[in-house]
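Undergrad: Chains A and B supply the protein sequences, listed in that same order.
Be aware that the first sequence starts at 1, since it is given in the numbering used here, and climbs by one per residue.
Be aware that the second sequence starts at 1, since it is given in the numbering used here, and climbs by one per residue.
Keep in mind that the hints were calculated from the coordinates and are not lab data.
Be aware that one or more of the hints could be misleading.
Below are the SDA-like pairs computed for lysine to any residue, each with C-alpha atoms no more than 20 Å apart in a straight line [said to hold, decoys possible]: (1) B/K35 to A/D30; (2) A/K28 to A/S160; (3) A/K187 to B/A69; (4) B/K148 to B/R254; (5) A/K73 to B/H11; (6) A/K40 to B/E25.
With the Cβ distance kept under 8 Å, some of the chain B side facing chain A (calculated, not the full set) [what the hints assert, rightly or not]: (7) A15; (8) A19; (9) E25; (10) G26; (11) R31; (12) S38; (13) V39; (14) M199.
Nothing here was measured: the structure is a model prediction, and the numbers come from that model.
No residue lacks a Cβ here, since even glycine has one placed at the ideal position from N, Cα and C.
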Amino acid sequence: MSILERLAPSNPCRQFDDNERLFQALKKLDNRAILCVQTKAMPSARKFAQQYGLLPDSADEVLNQSTLIFLRKIQDGGYQFQGHAPSTYLVEIMRRVALMMTRTQGKQHEALENHHDLHDPDVEVAQQQRESADLVRQFLAQMGEPCETVIRLQHIDGYSDDEVVRQGWTRYTTTDSLKIKRSDCMKKLIQIAQQWRSTNNI
Amino acid sequence: MEEHKQYLSDHADEAERRAAAQVMEGLQGLRLEDKVASVAVERAALYRRIFWQRIVIAMVALAFIAGAAYLLVGRKSTSIAPTPPQLPVEQPQKSPVPRDNQVVPSEKGKDNTGSVPIAQVRPSERLANPRYPAPEITLIRGDQESNKTFQTLLNQLWYTDYPLRGLTSKDPFKQADENLKNRDFNAAYIALNRLENQMAVNDTLRYLKGYCLLEMGEGNEALANFDPLQGRHAAWEPQLQWYRGLAMLLAGERAKALDLFRQVKTLPKHPYRKQAEKAAGLLSK
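Let the hints inform the model, and build the full structure from the sequences given.
TA: Written out as structure tokens, the structure is:
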């Protein structure tokens, strides 16, 4: 990290002295850590958007989509810390995402000529996960309250049961009652998903 | 995040396991999407902050450069500050005073053609013409030849500018200040008279009124306001001296004015030294 980066009052990387600390924070989905790698990777996102003939404001989309894949790889253990700056891995993902976006937009750009094999497993897994996320969002809405909130607080927002009970965000006043309710709700959610899969012959 | 297996029934079949896996994948996806969306909002705020930081830094840098430029260049030309630099350099004119032997100091070199090469004349040493003409004396005193000559002399020396140096016009003087800035001296005079009726006479009022009367061509009246201010405000003093000199000229006190201009021109750091030198040259025998 350069001296200027350290001195800048709005620098999100200030608290991450080394790459390992940054990686550990990313594993915990720490907002500052994500912001840190994103600010480091943003210039490359702009460069790729330009290089692959995407719209100028596509850089943000490239960065967001790549960050999703990047975080999932960290969560799944697909990306392990090996001493390198995490942002370099994000930049590599961005290059591939920008390439895929170029393909989906039907751009005939010279940058594509050197990439005959456009099959990218990471991007495809991300696409599959996005579809699953959309479905689950629909199912949750279908279930309604209190299941939607109970599941969201734990599995999407990442709050602990203690925190949820302490803040009084649900009607459940003990962690045990909250866990029992969530278990019921999750079972219902899985049933809905199973039903949807059989209806659609999946 | 909890393991999805705990939500499966005791004899879960393959279809149920796959549905559970899809649900967990979807929940993880939602969690990551939410996270990335919230970071995107933070990122936008961060870039806005960085943008404004850069604006502030650029402004500070500009102010610093302007300050440095003022120190390097501005100081040299302080003596000609009352007049804009783009005005043409004054051409030698025949003196309006009916004495043939008077010479403007800066023009001496031209009389001795060849003694000082033009290339050695520093631009900051030149004194441009006054920005504004003197008040129309011929309208007040008639258009006799002597008045016309006097008018020409005044036009050559009318180095006046506003706001007055060292004076900050506060709230009650806003109207008069605005009029003086617009060089609407009649309106300014009315505004100042109104103030005179509303408040005790003070130095600011005197100075503004003196300047207003000077620009209206009322030398004696201007002097009556300027004289009590002498030696009372160090920041006003240099300009006040020059304006008193002009007021003396208007009032017909030519000798007194010449004495004053001679004093001023001997002060090397006086902001009106060049003007005084020119005035003394034009007025002296």
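Undergrad: All the hints need checking, so say for each whether the structure fits it.
TA: For each hint, the structure was consulted:
A distance of roughly 9 Å separates the Cα atoms of B/K35 and A/D30; the hinted pair therefore holds under the 20 Å criterion. Between A/K28 and A/S160 the alpha-carbon distance is near 14 Å, which keeps this suggested pair within the 20 Å criterion. Taken as a hint, the A/K187 and B/A69 pair is broken in the structure, with Cα atoms around 75 Å apart against an allowance of 20 Å. A C-alpha spacing of about 16 Å is found between B/K148 and B/R254, which places the hinted pair at or below 20 Å, so the restraint holds.
At most 20 Å may separate the alpha-carbon atoms for a hinted pair to count; A/K73 and B/H11 exceed this at roughly 31 Å. Restraint check for A/K40 and B/E25: not satisfied, since their Cα atoms lie roughly 28 Å apart, outside the 20 Å limit. Interface restraint check for B/A15: the shortest CB-CB distance to chain A comes to about 6 Å, inside 8 Å, so the restraint holds. A cut of 8 Å between beta carbons decides the hint on B/A19: the least distance to chain A is about 4 Å, and the hint holds.
Taking 8 Å as the C-beta contact cut-off toward chain A, the hint placing B/E25 at the interface holds, the least distance being around 5 Å. Of the supplied interface hints, the one on B/G26 holds, with its beta-carbon coming within about 3 Å of a beta-carbon of chain A, less than 8 Å. Interface restraint check for B/R31: the shortest CB-CB distance to chain A comes to about 5 Å, inside 8 Å, so the restraint holds. The closest approach between the C-beta of B/S38 and any C-beta of chain A is roughly 7 Å, which is under the 8 Å cut-off, so the hint is satisfied.
The restraint placing B/V39 at the interface with chain A holds, with a minimum CB-CB distance near 5 Å, inside the 8 Å limit. Taken as an interface hint, B/M199 does not check out: its beta carbon lies about 48 Å from the nearest beta carbon of chain A, beyond 8 Å.
Against the hints set out earlier in the document, violations occur for numbers 3, 5, 6 and 14.
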